[in-house]
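Take the two lone chains and join them into the complex the hints point to.
If you want the building blocks of each chain, they are given just below.
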Amino acid sequence: MIKVPLSWLRDYVNLTLSPEELAAGLTLRGLEVAEIIRVGQDWDKVVVGQVESIQKHPNADRLVVLQVTDGNSTFQVVTGAFNLKVGDKIPLALPGAKLIDGHKLVDEQAAGKRTAPLLESGEMPYFTVKTGKMRGVDSNAVAVAALELGISEDFEGIVVLNPEYPVGETLNAVLGDVILDIELSPNLGRALSIVGVAREVAAMTGEKVYLPGIFVREDGPPTTQKISVKIEDPDLCPRYDMMVIEGVKIGPSPSWMQSRLSGAGIRPINNIVDITNYVMLEIGQPLHAFDYDDIAGKQIIVRRARPGEKIQTIDHKDHELDSEVLLIADAERGIAMAGVMGGADSEVKDTTVNVALESANFDPANVRKTGRGLFASVSEAAKRFERTVDIELAPMGVRRGMQLMQEIAGGTITQGLIDVYLQPRSPHVIELPLSEIPRILGIEIPRPEVVKMLEALDFEIAEMRPDSSFQFRNDPNQYTIMVSETTSNPDILMVRVPSYRNDVTIKADLIEEIARQYGYDKIPEARLEGELPPQVPNLPYEFEDKLREILTAAGLFEIITYPLVSLESLRNLHAALGDTAPQTDPGGPHLHHLNWADPAHLMTLANPLSSEHEVMRPTMLGTTLETVTENRHFVDRITIFEIGRVYLKKEGELLPDERRTLSLAMTGRRVPLSRFNPKVTGADLIDFFDLKGVLEHLVERLNLAGTEIQFVPVAPGDHPALHPGRVVEIIAKSQGKNAGSVRLGYLGEVHPKVVEAFQLDPLERIAAAELDLELLLPLVQRERYEAVTRIPVVTQDLAIVVPDETPAGQVQKLIRETGGKLLKEVTLFDIYRGKQVGEGKKSLAFRLAFHPQDKNLTEEEVSKIRQRIEGRLVREVGAETRG
Amino acid sequence: MSIQDQVAEMQQRALGELETASDLVALDEWRLKYLGKKGELTGFLRSMGSLPAEERPVVGQVVNAARKLLEEADGLRQTRLQAIALDQRLAADRVDVTLPGRPVETGRVHIITRTMREIESAFKAMGFQVAEGPEVELDFYNFEQLNMPPGHPARSMHDTFYFSESVVLRTHTSPNQIRVMEKQKPPIRVIVPGKCYRSEATDATHDFMFYQVEGLAVDRNVTLADLRGTLTDFARRLFGAERKVRFRCDYFPYVEPGVDLSIDCMLCGGKGCRVCKYSGWLEILGAGMVHPQVLRNVDIDSEKYSGFAFGMGPSRIALLKYGIDDIRQFFRNDLRFLEQFA
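Line by line, the protein sequences give chains A and B. Using the working numbering, the letters of the first sequence map in sequence onto residues 1 to 883. Using the working numbering, the letters of the second sequence map in sequence onto residues 1 to 342.
Listed next, the in silico BS3-like pairs over lysine-lysine satisfying Cα-Cα at most 30 Å (straight line):
{"#": "1", "chain 1": "B", "residue 1": "LYS271", "chain 2": "A", "residue 2": "LYS522"}
{"#": "2", "chain 1": "B", "residue 1": "LYS271", "chain 2": "A", "residue 2": "LYS3"}
{"#": "3", "chain 1": "B", "residue 1": "LYS304", "chain 2": "A", "residue 2": "LYS522"}
{"#": "4", "chain 1": "B", "residue 1": "LYS321", "chain 2": "A", "residue 2": "LYS522"}
{"#": "5", "chain 1": "A", "residue 1": "LYS546", "chain 2": "B", "residue 2": "LYS321"}
{"#": "6", "chain 1": "A", "residue 1": "LYS824", "chain 2": "A", "residue 2": "LYS733"}
{"#": "7", "chain 1": "B", "residue 1": "LYS304", "chain 2": "A", "residue 2": "LYS507"}
{"#": "8", "chain 1": "B", "residue 1": "LYS195", "chain 2": "A", "residue 2": "LYS649"}
{"#": "9", "chain 1": "B", "residue 1": "LYS183", "chain 2": "A", "residue 2": "LYS650"}
Derived CB-CB ranges, DEER-like:
{"#": "10", "chain 1": "B", "residue 1": "ASP326", "chain 2": "A", "residue 2": "GLU805", "range": "51 to 57 Å"}
{"#": "11", "chain 1": "B", "residue 1": "VAL104", "chain 2": "A", "residue 2": "TYR832", "range": "29 to 35 Å"}
{"#": "12", "chain 1": "B", "residue 1": "ALA201", "chain 2": "A", "residue 2": "ALA111", "range": "22 to 28 Å"}
{"#": "13", "chain 1": "A", "residue 1": "THR115", "chain 2": "B", "residue 2": "ASP326", "range": "21 to 27 Å"}
{"#": "14", "chain 1": "A", "residue 1": "PRO807", "chain 2": "B", "residue 2": "MET126", "range": "52 to 58 Å"}
{"#": "15", "chain 1": "A", "residue 1": "GLU120", "chain 2": "B", "residue 2": "ARG328", "range": "21 to 27 Å"}
{"#": "16", "chain 1": "B", "residue 1": "ASP326", "chain 2": "A", "residue 2": "ASP687", "range": "30 to 36 Å"}
{"#": "17", "chain 1": "A", "residue 1": "LYS104", "chain 2": "B", "residue 2": "VAL104", "range": "55 to 61 Å"}
{"#": "18", "chain 1": "B", "residue 1": "MET126", "chain 2": "A", "residue 2": "TRP256", "range": "54 to 60 Å"}
{"#": "19", "chain 1": "B", "residue 1": "ASP326", "chain 2": "A", "residue 2": "PRO807", "range": "45 to 51 Å"}
{"#": "20", "chain 1": "A", "residue 1": "GLU612", "chain 2": "B", "residue 2": "ASP326", "range": "16 to 22 Å"}
{"#": "21", "chain 1": "B", "residue 1": "ARG328", "chain 2": "A", "residue 2": "ARG38", "range": "33 to 39 Å"}
Quick caveat, the hints were computed from the structure, so don't treat them as lab data. Values in this document were obtained by computation on a predicted structure and should not be read as measured data. All residues carry an ideal CB built from backbone N, CA and C; glycine is no exception.
If we strip away everything but chain B, and leave its shape as in the complex, we get (with noise of 0.2 Å):
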């Protein structure tokens, strides 16, 4: 048999063989049988030493054209076997997709702390700062720098907790705008943050402690617009751009005019019912001009400065966003509620 034919058969046999590899590793034993070093056909390379110097050009195409055709269809065999093998992974790795996930664990910030941040972040865009006070306070502060001297017809809306006469919980956070003004002077533009107390019975809409955000800005030519502009921003940018704002007269002893803010109710769209009391406005928040005696307490000449004040309750507006029917759950820390605010 000349060395050509013996090529051929040894083509044929490996080709037959190729398709019998049904696997990667068989694959590779065929390659080494074949191709590898001490493969078949390198030992045909190797025995042309002996063949005459005519011969060997011949033979050396001989047998470089069955590697080639040997190493194409290892090459495409090799990739078939691969998409094999893959076909199959994947068929293994199936698993039931319905199948719940890894329970992740984390905790939440309290809704009402939560509610605070919206509302100050509002106010520092329009940089106002967080300032804090004292929540057992004097009643010099909690009352008469703001305008209530003692037996003030106004203290009777303050159910006041008492430590005595002098030393009380505070009945809101009103009594920091005094704080800060006795430090600073104008322009002012702060926000407290902070609990109060009142000594009322507890029922779903009142609590004897409860959280307020108080504002105070002062400077030259502050005005009642300005306060209008100022809250009716904030409550739309708390409340949604489409709310009507109503914006009344109120009576706080410590501001002069004095201001109620209320929106049009979002949960009857103002047409009237339980939680807006069929009026179909829902006050959110307590302002005015800052008293020019106020001013004057703390040493801020109020013919040059004029000031705005406002306080309102995050308790109260968590209530309002997320339809909350109780307030004591707040403070209650039940974590199946704590949980629902992500």
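One chain only, chain A, in its complex shape (with noise of 0.2 Å):
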């Protein structure tokens, strides 16, 4: 983020375009604005005004009556601040005025209501400036501080313009300004300064850069009898640079500078502090100032901390270092954390009158560690620093800084430059052949334009000799690139990267930037030509289709949750078990792993944002119960299913298995309230059996052939979630080639102890069912047709009287083995238990529908099918037939 007041703006570059032309351009080159703030459009009625005279207040000692001229009238105005003198410009606000109310803002901080900054503390309160009376004195206008034009914080004293303001002038026309409030992505570290973003300006619009004309008076001793640098470690620190100036005078900087800072967002401090901060928003360089009296034996020396070092920064925060953090040192101790901030007792302040200024490069990835391990905010030199700064800019901002703490705070500038540079770098040359614009971009450009395009972005280009030697203008070396293929290509450019371009160093940065220069928004739409690659399903996705396809038919609505979850929630899903673990099946499939809270099964997050969503879900029952609860008050019947992922982890590798699982959960009123089921209160509600069907139905779409899903009971206890009397393993039995028995899940209904762990009425019940879909789907086959006779269906029902606790699972599976193949479907439609069937006793009664394959069927052939299934009946089962 950068702001950039197009006021100051103008001071490098020509603006000949409107503010929102402006932004849209740099919009569309990557300088993204996110705003186009306008200072002072509502500064109606504020005017520049002079102080004539200042009086004492008869009645108060805490005020004063000033006479202060607009120019034509001469207004009397009372006011609490003590800053001004006879001669001094002010803003003056005339009744009719609307100003921030300073005052309120205040109260309303002491009270709580706000917090520092408070230009930034919500919407802000205003007041209309009148004429009236203040302790007695008549008060016909109002003194401005820079609070209540909502220019920066300060609400003590009044704004004292810049005496070369025509006096009687609208605020606004001398103090007006636009903001350009652009974000910046991490590429663009050079646009992180106005000088930088005036070099968009001016290659989008063809203008002319103007850097700050430097000149500096330097008629002190020379810099290396004052101090001495040395680099230690130049990896994090590539060049350093200083200069020193002696006999300042510490005070407020100009208002001009001032104004400048605030605008670009950084609060004004003193005079040397607000000029290293100037420079870095001018030019890109951050600075540091020392106090050079604080500085022991006269050295700095840059190095790494040693490990437990201390040192407190100008924050007051303390630090304990370690090797990575770069410290900028004396003779004794480390005086800065470099490129980050300032050390508290180096740092310049009222009683400075010598200052060590700093103008260094430092490695990004250091400061970016050292920084964002170090300080909840970055700093303004850290995020600079962090982003690259063009190591050839420290020259140049030492020798800006020096000359504007002349020219403001006096002093005498030391002779020469210190500049450790042990390495310099050379200019970084791009081999660009022509025909990556059309194979990158899509479009052809003519040699000459793109010349003039990277021209227009400061990059040189070099005409190549035959000889394939080469030469840039204003550098006397002469250039020999190896012949290769492509360099005998008579297309190619030689390309010189501007040192501040750090963020260009191949062909495809310079396509982009030729991009930029021809316009992102001209580039043409084209279609993808070419082949296509061999287009093949994905089984997996498309199954999951499939069964959201089933699903939703069936009722339930799909549901999305968050697979980072609590451990509370993992251990909640025990509830039942009170203190004892839960058992674990180490050698069967995952969704028997029950002892779900276990951290040693558990991918776990090494900084959470909280404790409610920390380890990665070994299983998706609790969050689908955990809808159940976020639903409960809302509707009066939930059925509902997610497909999502399990992590499990695995012993030995870094990555866990990522296991593609449905979650079902139904509950609450079978059907809805209507005129048809018009029970309000006592109406069926839905159990184990709703949720069976749904997935009996489920397996029925599934195309299965080859396979038998079974709803085996388990074991009371055999998973801790789910009620002991109302749970099935659901079981996968397969024939033929891949034979065997596969165990995909659990549906049951929920605990009543479990339910109530997540907040439920444990009388509610909740059906439940998990499913490892990684293996059902090997399981599913093609689709393949059956044929279908226009024959007629012969049905007949059966009744047997079975011992009660006979299975009627049990019953089904003998009647369809002995009904053959022609018995399509059996139907239990009646279980009945009484008198008649006698004590401990159940009847049970089927509709057996037989479809003949090719030729109608006899009564005789029938009742020969159905006499086999009694007589299996009555033999395996004890069953005795009713007719």
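Here it is in structure tokens:
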């Protein structure tokens, strides 16, 4: 982010576009203008006034009475500020002017309703200037403080304007501004300065960039006599420049500088510190000013911190350092954390008279690490070093700083620049075959156009000679390149990259520059040509959609939950166990690893945002139940499913096993309330069998030929989260090639204690199931057609009496097995217990549907099959037939 | 009384009785009585045997004429009675048609899934295929192979959840570009949908989990113009043919040149509103030409091949498309929210 006041930008480039055009153009070029801020548009009726006299208030010691002229008339103004002298030019708010209500802001801050910075603390309160009396004295206008204008936080004194401003001029005309708030991606370090933005503007509009003129009067003693600089770790500090200025006078910086800093979002402090910030904002080189007299031994040593070494930074925080931190040290101790923040005991203060000014270059990664490791927010300097500062900028930085310090704070500058630059960089040259432009951009641009575009961006283009040597203008060196296939191509440009464009290192970077100059908006729209890659199905992904289709048609809603869960929610799944640890079945598939909250099996975040989302779920049961909880108070029927992943830590591997899993839950009213189902209370509620029905339907739709899905009762307590009397394991039994059985998952009603742990009413029945889709998917077969005949179906009803404990599923299975191919449907339609069948017994009634294949079935054939079935039921489950 | 007279009398009586047959049952009885096998008309024919031979034809004629007459009358009466019966049934069937119908209960696919399918189908039509990848990812794929070595400033744009120094929750779907290119050689056209995670505080526009759909096309002569055409087609297909599309320079370390694609804000028509942050534009995807270093990382010759990559957020697209004001709605799974999206 950089805030660019156009009034400042104009110092370095002619602005030929409106602020809107400028913003749109910069945005297309990658410098995204987030906001156009107009300062001073609402300064209606605020003018430049001049103080003619200052008198004591007759009734109040803490007030003064000013006479201020706007050029035509004189206004009497009562104020509590004492910073003015006769002749000062100030903003004068005339009656009717609307100003920010500073008193209210300060009061609200005292009451804890606002926090500093006040101007960013939300909606601003305003007041309208009126004539009135203050402690018995007429006050006809207001002398304005910076806070009241919204230009800085200062509410103590009245703004003192540039003495050159004409009295009576509107404040908007002299101080109003348009500020572009630009978001900068990490590659745009070069645009973290007003000059940097000016370069972009110039490249866009064809204007020229005017760099600040620097003239430094060096008439002090030689710099080397005052101080020495040594770099011990040149890998972290490739360049360090310094000069000293003696005899400065610390005070506030001039208002023009303050207002520029404020406009760019930096708080003014004092003239020396403000100048370091000003130069950083202006050209992009961070500076650091030391109080020269605090530098022990008059030595600067750039070195890594010793482990355990301590420093207090200017924000008065103490840090204990390790050797990863680069220090600026004197003979005795660290006096700054390089590129990040200065030390408290060498900072410039009111008593400072001699200043040593640092302009250096630090390793981006190291600054990033130190800055982000030790500080909550990134300092302005660190922000720039992180993104790489132009290494050739250091001398200009220190000289520009010296120049401004002398102009503003007086003093004598030492002679000569200390410039420790151990391994000077040579300019980077890129070979750019012109054929790259159509290859990557899809457009043809003539060579002269390309050269013009790159030159507008400060790139230098060398002409290649027939002998493959080339030379840049303003560079006496002649270069030769190896003659290769590519370089013998006459359509190659040798492009020299300006030192501030560290983001440009390869051909592709130049291609982007050309695209930016050409205009992204002018790139044509083409369509991909060429051969398609082989088109193949993605079975698991398509399988998911098949499941979605079946389950939504069955009335279930798809949910998507956060796979990052809390340990607590996993523990809640064990609520029924009390203090005993859940049993695990290490040999079984993952859904049988039932000790879910065991950290040994979990992927746990090292830096969670909160304990609520800390581990990757090993089961989806918890997130599904949480969704039930989320909805319970709002709807009376919840039928949901999720297709997601569970994450199982794998022994000896970095990445977990991410398994596609299906989780389902149903609870509440079976049928919604309507005049057809009028029971408001006591309506039929969803239970185990509703979800079992859904799963049976699912299995039927999934063409699992050769595989039988069985819902097998499990021993009580085998699944800690499910109701011991209403739980089955879902098992796939396959025949043929892949014969064997696979444990797919579980279906059951949730254990009342678990229901309670999820903040639900333990009396509610919640049916839930979880299936491992990675195991289910391979069982799905291609759909095959089965002949349908037009011969009438024959149905028969069969009623038998069996002992009560005989599972109906077993009876049904026997019927199916015995019925043969013709028996297509076996429907259990009645269960009866009572006197007629005798104590401890039940009657089961089945409808059997026989589908003939090629000819009508005779009564005889059907009764033969039926007799076979009855006979087997009598023999194997002790059934009695009931006609 | 001659037989002729008897027939005439019977005919008279029968017609009279027919008038009183008030429903189809009575009509059946009447028919039996006069026209049935044992009915009166048949009786006359049977009695003809006792007549002199010369009279028989005459009597036969009379009887047949009566039969014809009675049958016609019967037919008319039947039609009329059927009409009356139908009217009665229709009147009895009358219901209060303003009563509500029987409720139908069906579920819904999650709006994010649906949005992803819309995005995917646009690209599938252009020959892109779905590839999935792990959510728990190596730093190597999530950053390093994508041209973001440790300490790279762009890493600060990715607030990353770490399991360990080398294992992260993927912050984008881009690591799967690498995984795909490690396995496939050009031509490549894939899209990668999936969950991504950023360790940032949640609010109405940020969530720590979100979906991305990543796209990648690598071949000879894939250009920025192809990128623009492909993504413009996509944007118009998803958001409407009348959309204006802005194509501007942006930065992602794994592409060069880099692109941001925006559409004109459909909520304010480009005039500027809260949703588009008063810019008139809505950013919908980031893209660019695959960085040569990224191609080199997977042993694809960047001098021969080029490619484009793009990434977008289905959550954001759904937010924009349906005017949803809080991104946290998506994974809160309030059924009253989910059921709004058919």
